[in-house]
Amino acid sequence: MKKNNPIIAIVFWSLVSFLTLFPIYWLFVISVKPAVQLFSTPDVILSDPYWGNYAKVWGDRLLRSYMVNSLVISTGNALLCTTLGFFACYALSRFKMAGKESLFFWTITNRMAPPAVFLLPLFLLMTQVYAVGDFRLLDTRIGMILVYCTFNLPFAIWTLRPTLDGIPKELDEAAYVDGASSWKVITEIVFPLCRPGLAVTLILTWVFAWNEYLLAATLTNFNARTLTTGLSEYVTTTGTEWGIMATISVFTLIPALIVFGLVQKHIVAGLTFGAVKG
Amino acid sequence: MAQVKIDNVIKRYGSVQVMHGVNVDIDDGEFVVLVGPSGCGKSTLLRMLAGLEEISDGAISIGDRVVNDVPPKERDIAMVFQSYALYPHKTVYDNIGFPLKMAGRDKSEIDQKVRGAADILDLTKYLKRYPKELSGGQRQRVAMGRAIVRDPQVFLFDEPLSNLDAKLRVTMRVEIKELHQRLGTTIVYVTHDQIEAMTMADKIVVMRDGRVEQIGAPLDLYDNPANVFVAGFIGSPSMNFIHGQIVTDGGVRQFRSDSGLLLPLPQTALPDGHKVTYGIRPEHIAIGNHGVPLRVVVVEPTGSETQVFAKHGGDFVDALVKDRFKAAPNSEVRFVIDPANVHLFDRTTEQRL
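First to last, the protein sequences are chains E and Y.
Position 58, counted from 1, in the first sequence is what the UniProt record's numbering calls 58; the numbers after and before it change by one each time, with no gaps.
Position 171, counted from 1, in the second sequence is what the UniProt record's numbering calls 171; the numbers after and before it change by one each time, with no gaps.
Hint data in this document are derived by calculation from the structure and do not stem from the laboratory.
None of these values were measured; they are calculated from a predicted model.
Any given hint could turn out to be false.
Covered stretches of chain E, going by a simulated chain Y footprint (3 or more residues, C-beta under 8 angstroms) [claimed, not checked]:
no.	stretch
1	173-180
2	187-198
Each computed BS3-like pair below joins lysine-lysine, with the alpha-carbon atoms no more than 27 angstroms apart [to be verified]:
no.	chain 1	residue 1	chain 2	residue 2
3	Y	Lys5	Y	Lys177
4	Y	Lys128	E	Lys265
5	Y	Lys5	E	Lys184
Just a sample of chain Y residues kept apart from chain E, beta carbon distances all over 12 angstroms, derived [what the hints assert, rightly or not]:
no.	residue
6	Asn8
7	His20
8	Pro88
9	Ile120
10	Thr124
11	Arg169
12	Asn227
13	Asp258
14	Gln307
15	Gly313
16	Glu350
Here a beta-carbon is modelled for each residue, glycine too, at the ideal position from N, C-alpha and C.
Using the sequences plus the hints, can you model the full thing?
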């Protein structure tokens with residue numbers, strides 16, 4: 001068999017890595033330069049970093065609250081969607097039910113429509129329909145968590161279904177015969193075996209909610225405003241604060257990188273789950 | 001240990017009936033094998049015994065208790081699956097200890113019993129390994145360990161050896177039989193392999209199309225099969241069947257096949273002209289100078305014995321002899337048949353006459 005030349009592979013992957021990482025590096029360079037330098041000497045070399053933008057962003061209470069909102073909404077939504085998706089897929093995979101394939105298909109079609117289509121109905125639902133006393137879902141964290149479920153739950157069901165289907169039913173049956181209750185079968189057998197798929201679902205739904213702009217910009221005013229919507233506040237009629245925006249973007253990237261790093265092993269396992277005989 | 005009683009059990013999937021009033025009585029400590037071809041209902045019957053399938057009608061009792069509506073975990077049974085169904089994320093120790101953990105036993109008791117079971121099954125040095133790090137035979141033993149650790153009333157085995165290679169299958173067969181002798185627990189064992197059934201069972205239940213064809217001790221089924229199906233299923237190689245009728249030729253009562261082959265008959269009161277199926281096992285045919293003349297088709301030596309396929313017209317007859325035998329295709333061979341070993345079956349009902 002012909003052996004591949006390692007130099008070509010090294011050059012190819014170096015190029016791919018460069019193309020992927022360079023924009024992030026550039027973003028960081030912009031975030032550590034004062035506004036004057038940005039326009040006078042636009043270069044990509046990192047020299048004498050200026051941390052003023054970071055101090056400004058970190059010191060801004062409003063931006064800090066946007067970040068907390070983003071974290072709470074993304075994490076809450078990812079946990080809710082993954083949990084509900086897991087149980088929905090368990091039911092779809094394990095129980096006999098008339099029309100369950102149609103139900104599954106109908107569920108995932110909700111993900112196919114463009115989110116903008118739902119803007120007005122969602123706005124009306126959050127202001128007019130789901131109201132308890134003075135409480136409205138509009139501009140609340142719980143409201144945004146639920147809104148993102150509209151799109152993320154079908155996605156979670158779609159990604160988790162093959163994982164659940166890939167776990168042999170004989171394992172459930174063996175556990176039942178071994179004396180396990182239905183709850184124990186789920187917690188002791190099915191859930192641990194689903195971990196790679198759950199990690200993938202968790203991270204992807206989290207990233208969707210973290211990055212989302214359109215719904216957040218429309219359905220929040222002040223209390224539940226997220227970091228992505230906060231970013232747009234620095235594009236004003238008097239100019240764009242590139243340094244601050246780059247700094248916020250770096251702050252936006254950090255949690256995503258941390259989460260990806262933590263579950264990277266599971267993501268690779270999850271994406272190849274069931275591809276080969278174990 | 002417990003008796004098991006399967007009383008007129010019926011199973012329907014929608015409007016399709018797959019089990020037609022099955023009755024089986026299993027004694028305390030008995031090793032019973034359910035055997036039959038694919039789709040005969042043996043695995044369904046075992047799953048109904050385990051509580052993994054509901055029964056549509058009839059009753060199943062374990063001990064003195066009717067268990068029709070009792071969930072699997074309360075039936076006091078243990079089951080070994082065809083695929084072993086080991087929990088891949090648990091070590092051998094945790095796999096074996098799982099039923100005890102579910103029963104809420106304390107850690108010291110679990111430890112003692114798991115190590116005891118591992119000792120019996122020679123698994124002690126593998127306790128920290130995961131199932132994927134074990135060979136097929138070791139996985140099989142872990143599955144058995146998980147079953148015996150609970151000390152159940154009944155063991156259920158669903159084709160446990162079918163994923164193993166031929167050599168390992170023989171070894172595991174002996175191990176399961178030894179285990180039964182040591183523990184004395186009632187065992188219900190499903191297989192499609194009649195050799196497994198013959199070598200392991202105290203009692204064999206032969207099934208076909210959701211019905212019991214015959215129940216009996218292995219050698220009873222071999223010597224006195226109730227019908228053509230059981231006669232053909234039990235014994236390897238399979239019994240020869242030749243269609244024909246009873247005739248008197250030259251003052252001697254004989255069997256004449258549809259293609260004119262004359263074969264010796266045992267004592268029978270059946271009249272001339274009665275249409276029968278003539279059954280003779282290959283191992284009951286010898287090769288001699290004064291037997292029935294046939295033409296050799298194929299000779300298959302296996303070392304310890306030789307299988308000779310021969311024909312006469314449209315009738316094929318297969319003989320299994322201990323002696324080394326060589327013959328060219330199409331040469332004449334004479335098969336010697338002792339009438340005492342011949343079985344006659346009714347051609348219409350296929351029942352033994």
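Going through the hints against the structure:
1. Only when three residues or more bring their CB closer than 8 angstroms to a CB of chain Y does the claim for the stretch 173-180 of chain E stand; here the count is 8, and the claim holds.
2. Here's how the stretch 187-198 of chain E fares: 4 of its residues keep a CB closer than 8 angstroms to some CB of chain Y, so the rule of at least three is met and the hint holds.
3. Distance restraint check for lysine 5 of chain Y and lysine 177 of chain Y: the Cα-Cα separation of roughly 22 angstroms lies within the 27 angstroms cut-off, and the hinted pair is therefore satisfied.
4. As the CA atoms of lysine 128 of chain Y and lysine 265 of chain E are separated by approximately 23 angstroms, the hinted pair is consistent with the 27 angstroms bound.
5. Under the criterion of a C-alpha separation no larger than 27 angstroms, the hint pairing lysine 5 of chain Y with lysine 184 of chain E is inconsistent with the structure, at around 30 angstroms.
6. Residue-level check passed: asparagine 8 of chain Y sits 25 angstroms from the nearest beta carbon of chain E, beyond 12 angstroms.
7. The Cβ of histidine 20 of chain Y lies farther than 12 angstroms from every Cβ of chain E, with a closest approach of about 23 angstroms, so its non-interface assignment holds.
8. At roughly 7 angstroms from the closest C-beta of chain E, the C-beta of proline 88 of chain Y falls inside 12 angstroms, breaking its exclusion from the interface.
9. Non-interface status of isoleucine 120 of chain Y relative to chain E is upheld: no Cβ of that chain comes within 12 angstroms, the nearest being about 18 angstroms off.
10. Annotated as non-interface, threonine 124 of chain Y keeps its C-beta farther than 12 angstroms from every C-beta of chain E; the closest such distance is 21 angstroms.
11. Under the 12 angstroms C-beta cut-off, the non-interface status given to arginine 169 of chain Y relative to chain E holds; the minimum distance is some 20 angstroms.
12. Listed as outside the interface, asparagine 227 of chain Y is consistent with that label: its C-beta sits roughly 34 angstroms from the nearest C-beta of chain E, beyond the 12 angstroms cut-off.
13. Every CB of chain E lies more than 12 angstroms from the CB of aspartate 258 of chain Y, the least distance being 48 angstroms, so the non-interface label holds.
14. Chain E leaves glutamine 307 of chain Y outside its interface by the beta-carbon criterion, the shortest separation being 37 angstroms against a cut-off of 12 angstroms.
15. No beta-carbon of chain E is positioned within 12 angstroms of the beta-carbon of glycine 313 of chain Y; the least distance is around 50 angstroms.
16. Distance check on glutamate 350 of chain Y: its Cβ is at least 36 angstroms (rounded) from any Cβ of chain E, clearing the 12 angstroms threshold; non-interface status holds.
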